[in-house]
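Going down the list, the protein sequences come from chains A and B. Position 92 of the first sequence, counted from 1, bears residue number 126 in the numbering used here, the numbering being contiguous throughout. Position 17 of the second sequence, counted from 1, bears residue number 51 in the numbering used here, the numbering being contiguous throughout.
Just so you know, not all the hints are guaranteed correct.
Which copy? The list can't say, so a pair holds if one copy fits it or any two copies do.
Think about it this way: if two alpha-carbon atoms lie no more than 30 Å apart in a straight line, the pair counts; the simulated DSBU-like pairs of lysine-lysine are [said to hold, decoys possible]:
#, residue 1, residue 2
1, Lys67, Lys186
2, Lys186, Lys163
3, Lys412, Lys88
4, Lys371, Lys279
5, Lys279, Lys134
6, Lys111, Lys163
7, Lys134, Lys67
8, Lys279, Lys67
9, Lys111, Lys186
10, Lys186, Lys134
11, Lys163, Lys67
12, Lys134, Lys88
13, Lys344, Lys76
14, Lys76, Lys186
15, Lys111, Lys134
16, Lys186, Lys244
17, Lys88, Lys279
18, Lys67, Lys88
19, Lys244, Lys111
20, Lys111, Lys279
21, Lys371, Lys80
22, Lys76, Lys134
23, Lys76, Lys412
Because the hints were derived from the structure by calculation, they are not lab data.
Below are the chains, spelled out letter by letter.
There are 2 protein chains.
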Amino acid sequence: MKLRLLPFALLVSLAASSGHSQTQTNAPAEDWKPASSNQPGKDYPKVNSEGRVKFRIVATNAQNVGVTFRDSSPFTKGEDGAWYGYTRPLDEGFHYYAIKLDGAEVPDPSSLMFFGAQRWGSAVEIPAKDQDFYALRNVPHGQLREVFFYSKSTDSQRRAFVYTPPGYDQNPEQRYPVLYLQHGWGENEYGWGVQGRAREIMDNLIAENKTRPFIIVMIYGMTNETRMGGMRDFDIGPFETVLVKELIPYVDANFRTLSDQPNRAMAGLSMGGMETRTITLRNPDTFSHIGVFSGGSIAVTNITDLAAFKAGNRLVFVSYGSKELGGDRPTRGGDPKAHAEALRQAGINSHFYVSPDTAHEWQTWRRSLREFAPLLFKP
Amino acid sequence: MKLRLLPFALLVSLAASSGHSQTQTNAPAEDWKPASSNQPGKDYPKVNSEGRVKFRIVATNAQNVGVTFRDSSPFTKGEDGAWYGYTRPLDEGFHYYAIKLDGAEVPDPSSLMFFGAQRWGSAVEIPAKDQDFYALRNVPHGQLREVFFYSKSTDSQRRAFVYTPPGYDQNPEQRYPVLYLQHGWGENEYGWGVQGRAREIMDNLIAENKTRPFIIVMIYGMTNETRMGGMRDFDIGPFETVLVKELIPYVDANFRTLSDQPNRAMAGLSMGGMETRTITLRNPDTFSHIGVFSGGSIAVTNITDLAAFKAGNRLVFVSYGSKELGGDRPTRGGDPKAHAEALRQAGINSHFYVSPDTAHEWQTWRRSLREFAPLLFKP
Numbered sequence: 035m036k037l038r039l040l041p042f043a044l045l046v047s048l049a050a051s052s053g054h055s056q057t058q059t060n061a062p063a064e065d066w067k068p069a070s071s072n073q074p075g076k077d078y079p080k081v082n083s084e085g086r087v088k089f090r091i092v093a094t095n096a097q098n099v100g101v102t103f104r105d106s107s108p109f110t111k112g113e114d115g116a117w118y119g120y121t122r123p124l125d126e127g128f129h130y131y132a133i134k135l136d137g138a139e140v141p142d143p144s145s146l147m148f149f150g151a152q153r154w155g156s157a158v159e160i161p162a163k164d165q166d167f168y169a170l171r172n173v174p175h176g177q178l179r180e181v182f183f184y185s186k187s188t189d190s191q192r193r194a195f196v197y198t199p200p201g202y203d204q205n206p207e208q209r210y211p212v213l214y215l216q217h218g219w220g221e222n223e224y225g226w227g228v229q230g231r232a233r234e235i236m237d238n239l240i241a242e243n244k245t246r247p248f249i250i251v252m253i254y255g256m257t258n259e260t261r262m263g264g265m266r267d268f269d270i271g272p273f274e275t276v277l278v279k280e281l282i283p284y285v286d287a288n289f290r291t292l293s294d295q296p297n298r299a300m301a302g303l304s305m306g307g308m309e310t311r312t313i314t315l316r317n318p319d320t321f322s323h324i325g326v327f328s329g330g331s332i333a334v335t336n337i338t339d340l341a342a343f344k345a346g347n348r349l350v351f352v353s354y355g356s357k358e359l360g361g362d363r364p365t366r367g368g369d370p371k372a373h374a375e376a377l378r379q380a381g382i383n384s385h386f387y388v389s390p391d392t393a394h395e396w397q398t399w400r401r402s403l404r405e406f407a408p409l410l411f412k413p
Numbered sequence: 035m036k037l038r039l040l041p042f043a044l045l046v047s048l049a050a051s052s053g054h055s056q057t058q059t060n061a062p063a064e065d066w067k068p069a070s071s072n073q074p075g076k077d078y079p080k081v082n083s084e085g086r087v088k089f090r091i092v093a094t095n096a097q098n099v100g101v102t103f104r105d106s107s108p109f110t111k112g113e114d115g116a117w118y119g120y121t122r123p124l125d126e127g128f129h130y131y132a133i134k135l136d137g138a139e140v141p142d143p144s145s146l147m148f149f150g151a152q153r154w155g156s157a158v159e160i161p162a163k164d165q166d167f168y169a170l171r172n173v174p175h176g177q178l179r180e181v182f183f184y185s186k187s188t189d190s191q192r193r194a195f196v197y198t199p200p201g202y203d204q205n206p207e208q209r210y211p212v213l214y215l216q217h218g219w220g221e222n223e224y225g226w227g228v229q230g231r232a233r234e235i236m237d238n239l240i241a242e243n244k245t246r247p248f249i250i251v252m253i254y255g256m257t258n259e260t261r262m263g264g265m266r267d268f269d270i271g272p273f274e275t276v277l278v279k280e281l282i283p284y285v286d287a288n289f290r291t292l293s294d295q296p297n298r299a300m301a302g303l304s305m306g307g308m309e310t311r312t313i314t315l316r317n318p319d320t321f322s323h324i325g326v327f328s329g330g331s332i333a334v335t336n337i338t339d340l341a342a343f344k345a346g347n348r349l350v351f352v353s354y355g356s357k358e359l360g361g362d363r364p365t366r367g368g369d370p371k372a373h374a375e376a377l378r379q380a381g382i383n384s385h386f387y388v389s390p391d392t393a394h395e396w397q398t399w400r401r402s403l404r405e406f407a408p409l410l411f412k413p
């Protein structure tokens, strides 16, 4: 089966320009502070209390400097010869961007580098009122392990990241449930561990006794070796083979997992949510818990054998950012809230979550993981 | 004690321009292939059989495009409107660079991003005749684990990378020796695991039964929280405290180490080699094996109590790239080969290695690790 995922590519490309549509009528608040997403020792970009971002670009001989955020101020040369410009107020959370420089689009050399929008490049973190839930706190930490395994179906060494919860190495008799967690289109297996803050979110939830400790496995969600490319003809089959036939057996052989169906979940964002829906519905004996973040929803009519599904499924969780819903932007596959309610009426453990004031971006998905994790693997 | 490390900063800044000094008299060989260090799906930069690198930069309105490699060709606009230019033949191995664009120095958006020269930015990999020893092969793989621990002396959560060898999780009764392995000035704790290929080198050596399996721990070698900054006034004390008083106890408590002195080594490159020399000589009861890569050497006169040192030390390994030696460039602290021989004469297990045809760059240090590892922790 070919999945037509083009609408997701469109959403991802829109993401960098989401946020308030306020225009530049007023002067920005002059309480700029260096962004937490900056490279070591870099003062710029700076963020102010309105959520605006101010850039400083050294390009002495450039004719034209700008940034990919829409509705930004013109960039002008300061007294030090560097170029300065700032954005409109942006949503809380994480936003990819690039610098425009005489016709080039390049990473901002002052930003840390993140993989999204099909490239390693710059992004900026806007402080959020609820940022403590994904902060690196002084609590017991799990480990994020980079592993490689041989995939026979693709004849390649494939990278996965595995989060093991605090105490994993100290309790050699304990076994853990596993969540397979997928990134979105244009992203890769680094996304959840870096900008997604999956490690910090889990460490903090576990420290507060809000979730059962479990393992998380993150892998690249396609099999095109040059990476990315068109979504139009994306065939989920080869990825499904890697995940179900190769990665899961590898993880169960190399980590202390609870390897039965009630202890295995899959979730993903955007394209990864769509992959989750397809793969979990096709493999009900493999997965018991389903999470779809900004990636469509599951209608009762999507389920072939409702009685069998009800017997084996333990959770269907669907989420969106509030700015993805309503208005004139159609939600893929129908009203997700109505679908969630219908599932509940049909006797399924169905949850629907809306992240306040966020769009198709990582702040929505960080919060989705925070809401999803405590619902998993209940005794 | 303050260490004056300025000469290393100089060497590091020179590194990107090292290589043959052949001028651009002949046309380059037209056998260009995409570099292995490119971002997914990127055709450029390309490398040819002479070790030249060819760049393609889209910057339609730029007046001037170039690259930080000295003696590169002028960049000119191609028929597609993009800018093209190429380097002189470069040494085999790994080289940091940046793109120059109308007065800006920016990462090449087509390159993967590496931390060195004090920034996350671009680099290019020139295929080496011996590249198989650091290739990702189909052998049993260890894990590279990102961990965070609380450092009381700096009141901060500090990141370390820990390589656990293949079989670590499968043999819960086995304990392992530990190597603490340091990066150079302007680099950080990612260096050895990414461009240093420490994981691949160890996996391959272990698969060939050339080394005993051991754990490697990598941490940022300074304590300035904004990172980097001047070397002139660098004080090694705070880092020594983090390493010896905090990181080692953390590792011994959280990994299955052999925690006695005979099973603990320290090594490092450039600044990290100098740190290794200072810290191991100050802490002879903590470390038994010493590796100094392109970072000076150890003279008999550096050792305060030779008899005690001989009783506790099991290895002193010093290495350089051949292009760092001889000529009119003075080697820091005297002739390293003569020092190594004098140590040997004094009854110390002293080894000296020279990497052929390489300079103060990662190819020297990859080979140094390959030569050093098999000498460690012999029964």
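Okay, which hints does this one fail, numbers in order? The structure breaks hints 3, 4, 5, 6, 8, 9, 10, 13, 17, 19, 20, 21, 23; every other hint is satisfied.
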